[in-house]
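Same order as they appear, the protein sequences are chains H and V.
The numbering used here numbers the first residue of the first sequence as 1 and each following residue consecutively.
The numbering used here numbers the first residue of the second sequence as 399 and each following residue consecutively.
Think of the hints as simulated: they come from the structure by calculation, not from any bench.
Mixed in with the good hints there might be a few duds.
Said to hold, decoys possible - Here are the computed lysine-lysine pairs in the DSS-like style, where the Cα-Cα straight-line distance is at most 30 Å:
#, chain 1, residue 1, chain 2, residue 2
1, H, K117, H, K64
2, V, K739, V, K691
3, H, K130, H, K101
4, H, K392, V, K683
5, H, K101, V, K739
6, H, K101, H, K117
Computed from a predicted structure; not experimentally measured.
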Amino acid sequence: MTSAPSEGAAARAAGAGGATGAHTAAYESRTALTGTAPREAREAILDVRDLVKHYPLTQGVVIKRQVGAVKAVDGVSFELRRGETLGIVGESGCGKSTVAKLVTSLEAPTSGSIRFKGEDVTRLSGRALKAVRRNIQMVFQDPYTSLNPRMTVGDIVGEPFDIHPEVAPKGERRRAVRELLDVVGLDPEYVNRYPHQFSGGQRQRIGIARGLALRPEIIVADEPVSALDVSVQAQVVNLMERLQDEFDLSYIFIAHDLSVVRHISDRVGVMYLGKLVETGTESEIYEHPTHPYTQALLSAVPVPDPGAEAGRARIVLEGDVPSPANPPSGCRFRTRCWKADERCAREEPPLRIPDGAGGGAGSGGEGADGPGRGTAGNAARHPSACHYAEEKARIVPD
Amino acid sequence: MTQTQAGGGPAPGPDPDGADPARLLEVRDLRVEFRTRDGVATAVDGVSFGVAAGETLAVLGESGCGKSVTAQAVMGILDSPPGHVTGGEIRFGGRDLLRMSAEGRRAVRGARMAMIFQDALSALNPVLSVGQQLGEMFQVHRGASRKEARAKAVELMERVRIPAARERAGDYPHQFSGGMRQRIMIAMALALEPELIIADEPTTALDVTVQAQVMELLAELQSEYRMGLILITHDLGVVADVADRIAVMYAGRIVETAPVGDLYRAPAHPYTRGLLDSIPRLDQKGQQLDAVKGLPPSLLRVPPGCSFHPRCPLARPVCHADEPPLYEVGQGRSSACHFWKELLDDECAE
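With the rest of the complex left out, here is chain V (with noise of 0.2 Å):
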């Protein structure tokens, strides 16, 4: 099952995701909608995809384009209101998600599916230590007492190799460096041995040189416990390394997904073909740069058709009236552009 299209019901089509049953994340058309005073914003419209034990899928888009709310109502932390889910279903481990009282999504947070949040200083909280933080997962979930909850907390930051875990413990999050706060976030996702961590912007925030650190720690462990990782980002750079699928979004839809060597070699979408001309190179020293024109469009007015008509090179007519399907261009490649044949056969040319 893809997206429901515009007016028809759901349409069966093909899967480009190939939907399997077993995979451990099963989204399915998802719809989250922001009732605010201008009116509602559609931040999610029918987006569906799938992640496996083991496997890392990329969530790839700008500011708004509906990535984290996608995180959020997944994880079930979206703020409500403003935020209502109002469609599909989340799969998780065979059972859906949205159908299940508030007390078992608790059970199901923090233990099986855990969240690596973008800016470390305000997720933590500040008058605890962060050995109380991270204990305190283990108080809640497992019953430990303190005692026990302190030495599993020293070991956990022993395992993302913060220097001197045990005097560490103490000390409250202000008193880490910005690239150590991040592995105590790694750290208590990682506390219960989630099956699924979704990290929204996980480096972000921090320098180069401990980016890599952070990427480099949580792909290791992520091997280690095979879990899936769902990776939220805007940076096409980090994606490339770590990723095994990529899913683009643009205003609340996805519109390509691919493995990830296919999505950077031949974009099956012009806006990902854009984004992808639009970043500067470290290995190039470019001319000009071949900057998408144009802004997203706010999500209280999406243009009709497809919503990125307005800002596509591509664009015809047909692009102004018709929304396009996610349309299967390849073995597990999808893309939401009716032009989508022309553009690999372009690039093929090439």
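Only chain H is shown next, with the shape it has when bound in the complex (with noise of 0.2 Å):
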């Protein structure tokens, strides 16, 4: 809201300056004029609507012709607060990653918006979209192929000044970078080493400092931790949330584990084949998911405590993910799903509050009472893309 404009000034003085710590005077000076509002109040910084993206499948070689096109995303709304933390989770296909790459403008959509602030990213060209992406970094899966291994980690966290000068003028350089590595809890001394002399765990943490070296406000991450080992994925998640933290960031955070995801998320968009078929808060998701699909994949999910599993609803879905280059009429999910009839077929459901949300009797005052969470009334008060959304009991062990 107001806060925008004179957090940019901010951050650009202390650029400009280019004082010691300027990395962490501006972050500080963000942080100080948003830091206090709860999440929830906060202002949407990213704003997606309708986005699409559709892959052309050609056929002929001198001829080329168009014959289908594989939708990967196909019709994607949501929002992102400042500081908050969006988990997307869905399983491989569902065009999760293709949201990250149109997010950081590495991909341009077929068709909708992505407006950071206000301004339509997607129309933009040139030195404002230059702008944008600056503000909206990336941190990749594979920190084994996301890094150069003929660059010196010193290089890589650098590098994005090389595209960015304004950030960290050519003498502030080397100190910007020592103090990346600091920030991000590697040894500064280790500029001068290559990624393989790294560990996966650290080699994740370059990753990410060379994602936070622009000051970015988003950072969009793909996997972040799937590659790592458990022990080690525990530590690159806190330090991510540390970073969230000092930083006021805002995190798209993409992932298939969904325990790792209700564990760093404050709201969680579900995909399934292009579309997002459930979107709530972390509690709305996990303890009173209204989707098949949502309640499916949380069933499958092992749980590591045997006595949990015992009287768990399990629900085990049959077949696969449909092609997205064909996917089903109406609902994607009816071809897996238990509650599908001819109306599935026939009519696609809105992503919607469900009708009668609120539970039967008296459902006009608890409509009343705004985004209260927990309290069993308001439960199923999240949008959900199902003709017959309803909650399910025990998919989740207590």
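Using the hints, build the complex out of the two chains.
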């Protein structure tokens, strides 16, 4: 809202000043402006509407003609608020990584808008696009292939400054890089080492340092801990949480591991075959899921507690995810859904708060309560793209 | 017999596994070394365990702890060089596999003991149809004709519930989805009705909904055939559901063995406890994760004394000097920690 321009000014001032610790200074000023508001009440920093990405399928070598399209992302809308973490979960091929590429402007969408602080990123080019890209950075999944093996750590973390020299003037870079390494918990003396000299967890820290280099406001992390061992995974998750608080970052955290997503996210979106099928706060999605796919997904996650497994509702889905080049008519999940009927094949269910949510009697009164969480009556008051959305007990053990 | 202690000879001690000669597989004091340019890495350092028919033993550990190398040594498919089995015995059905001829082992492998690999796409031959690959098992081991082999292959594909098995037997691995490929791997392992199956991270590459399908199938077939199953994994969740007993490995050694319920309720080794504390839970929104600090050691430079001591919150001077033996800490439980008693008392108090 009002804080946006002044923050930009603060960041620029700090950058131009080039003082020691410019990094933290800029972030501190931002935190001071917004840090006190509860996360739900903060302004949306990113507003994605009806995002679509179709990859054309062509036939013919000389004369190419389009014979279809892979509908990787097919109408996805969400908001990201300042300082919050939006988790996106889904199985492989559901389009979650394509969303990451679109949000970071690595791919151009087929249609739809991505508004960053009110400005539609998809219409920008040149200098204006470059400025937005600086503010939306990415951390990649595989720390083994996302770092150039022939570059030193110092060069990798400092490379963003070549593209955006205004962030750290030439004389300041060395120091900025050492500071970044320190921030992510690596010894600054390692600047001259090469990626192969580090373990997986340390490499992911290098990737995070690179993502932080330009002082972005949003970090899109695509499966940042999936390639790491359990004990190291926890270290990196803790680091990301600390950095978020320290620098007031907004995260889009994409992962297939539902436990990690619950741990780190404030709000969660569940994707299936290019669409969001359910969105809500972390507790709405995990404690009161209403979409059959979310329920099946949650029930399939093994819980490390032999006692809790007993008596838990298990839904084992039949078959595989259909091809995104030829998705089923109507509801895309109907081919694997136990609730599906003719209506599901005919009508596509919109993503909206289900009718009759809030429980039978006295639902009018509860509606006035606003976004209260946890109470049984308000439990299903979050959007779900199912004609027959309803809660199901014992999906996640208590 | 448990492990041979460093320095001492084979020390008779309590047997945490309750060694039973009638058990299907009995591995004792197995050692595997990798001779590399940088020195000798002891990937498996005196590991002992056993599996009974119909039992599921999970071997749990992080990458580089030696769990897959152990499996390869048992299966007899260790890359050699650089890997060498330098000691111990692997008794299977009463005979020591390490003393068998190469031909003898080949007859065991596949027919009596089979393996399911993590990455089905690279484990299957891309230029042979799945029907041919499945049928080959019967041609090689059972002397079946091509026609018989093909019929058997279709039957197997039906048994692992691949839809339209007859039509799909002529398809190549890349034409199947990840879950279906893993089913074909399972079919191949089951083909000759082995007594023991070793599954090395069988569901790691799969999505959760497909993982659930595959694990369910595997458990069902195991009880149907009363096979022994060694499940190698890093996923504490998968293990909780299907295993009977768990062996936790760290830096080439088993640091804890326990029945599955006991291990989750009250781990007797600080590493196991660290692992359990460091995973985010689906059923809880935790605050900060209690991560195990530091990194697993390089196998070329395993710390002296207890190999976990540099990362251990309980470490005391004795841990730097003395390697803890695998103590018997309860019914069918053992822990390689000097302070296991403290840990267990602490957990009971909580």
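Taking the hints in turn, this is what the structure says about them:
1. H:K117 x H:K64: violated (40 Å)
2. V:K739 x V:K691: holds (23 Å)
3. H:K130 x H:K101: holds (15 Å)
4. H:K392 x V:K683: At roughly 20 Å apart (the allowed maximum being 30 Å), V:K683 and H:K392 satisfy the hint.
5. H:K101 x V:K739: Measuring from Cα to Cα gives roughly 52 Å; hence the hint is violated.
6. H:K101 x H:K117: holds (19 Å)
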